[in-house]
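Asks: Here's the letter readout for the chains.
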Amino acid sequence: KAGVTQTPRYLIKTRGQQVTLSCSPISGHRSVSWYQQTPGQGLQFLFEYFSETQRNKGNFPGRFSGRQFSNSRSEMNVSTLELGDSALYLCASRAGGTQYFGPGTRLTVL
Amino acid sequence: GQQVMQIPQYQHVQEGEDFTTYCNSSTTLSNIQWYKQRPGGHPVFLIQLVKSGEVKKQKRLTFQFGEAKKNSSLHITATQTTDVGTYFCAGPREDSGYSTLTFGKGTMLLVSP
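These protein sequence lines map, in sequence, to chains L and U. Numbered per my numbering, the first sequence spans residues 76 to 185. Numbered per my numbering, the second sequence spans residues 1347 to 1459.
Just chain L, with the same shape it has in the complex (with noise of 0.2 Å):
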């Protein structure tokens, strides 16, 4: 099976901008999760998606959303960018407990 694959691999945005990324989970694996990671927080839980639904969401402000689509892809949005927003967003898919993650989007915000 293919893995999870994320595009673009890598973005650079200024302040204030918007960004959207993408996923496209290992086929069958109908839970999408994105994560940020940065060298000071560490891989931090964005949201989780189930069958077109948000089902958990983590301590991220409302400029961070996302959403699925009935083949299971991912979108995840953030809007009004700031500089702290620059970081690795990995997006997993999950089977089981285990989470497969994809390569990642590297943002930079300048």
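Worth flagging that the hints you see were computed from the coordinates, not collected in a lab. Hints should not be assumed to be uniformly reliable.
[Unchecked claim] Label-pair ranges, simulated between beta-carbon atoms: (1) L:Q92 / U:V1401: 46 to 54 Å; (2) U:T1374 / L:Q92: 25 to 33 Å; (3) U:K1405 / L:P83: 13 to 21 Å.
[Stated by the list, open to error] Simulated coverage check for chain U against chain L, where a stretch passes if three residues somewhere in it have a Cβ under 8 Å from a Cβ of chain L: (4) 1385-1394; (5) 1398-1407; (6) 1446-1459.
[Said to hold, decoys possible] Pairs of lysine to any residue, SDA-like flavour, derived with a Cα cap of 25 Å: (7) U:K1382 / L:Q116; (8) L:K132 / U:V1390; (9) U:K1397 / U:T1427; (10) U:K1405 / U:G1347; (11) U:K1402 / L:K132; (12) L:K76 / U:S1445; (13) U:K1397 / L:R181; (14) U:K1451 / L:Q112; (15) U:K1402 / L:A170; (16) L:K132 / U:E1363; (17) L:K76 / L:T173; (18) U:K1397 / U:P1385; (19) L:K132 / L:T80; (20) U:K1416 / L:G78; (21) U:K1382 / L:N146; (22) U:K1451 / L:V184; (23) U:K1382 / U:E1400; (24) U:K1416 / U:G1347; (25) U:K1451 / L:R169; (26) U:K1416 / L:N131; (27) U:K1397 / U:I1353; (28) U:K1451 / L:K76; (29) L:K76 / U:K1382; (30) U:K1403 / L:T173; (31) U:K1451 / L:R181; (32) L:K132 / L:N146; (33) U:K1382 / L:Y85.
What you are looking at is a predicted structure, and each value in this text was computed from that prediction instead of being measured. Ideal placement from N, C-alpha and C gives every residue a C-beta, glycine not left out.
Following the hints, put chain U in place on chain L, whose structure we already have.
Replies: Below, chain U alone, put in the same frame as chain L:
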């Protein structure tokens, strides 16, 4: 809230030396998982431990789950340069119905030849 802590944050060893990273949870865990992230890569699942006191081995890697199911360790015997990376432990988030994970901040392992 639920916290997962790992020590040390960083360790630099000579090739052939052993390495151990420790993980402690503020709450009892139904299971604990370990992931490895190579430099520039993404976390890759290594193993899941479920039973109290469980010990599992993968070649030179030995994983233990504590009796109280609140702590775990990963021990690497005779490290190799291919072991370089950050090792994360993770436990199911109670507030998510256990469907997502709380990660420790990881232990970065550097191995010098």
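Asks: Compare the structure with the hints numbered earlier in the document and write down the numbers of the violated ones, lowest to highest.
Replies: 2, 3, 5, 9, 10, 11, 13, 16, 18, 20, 21 and 28
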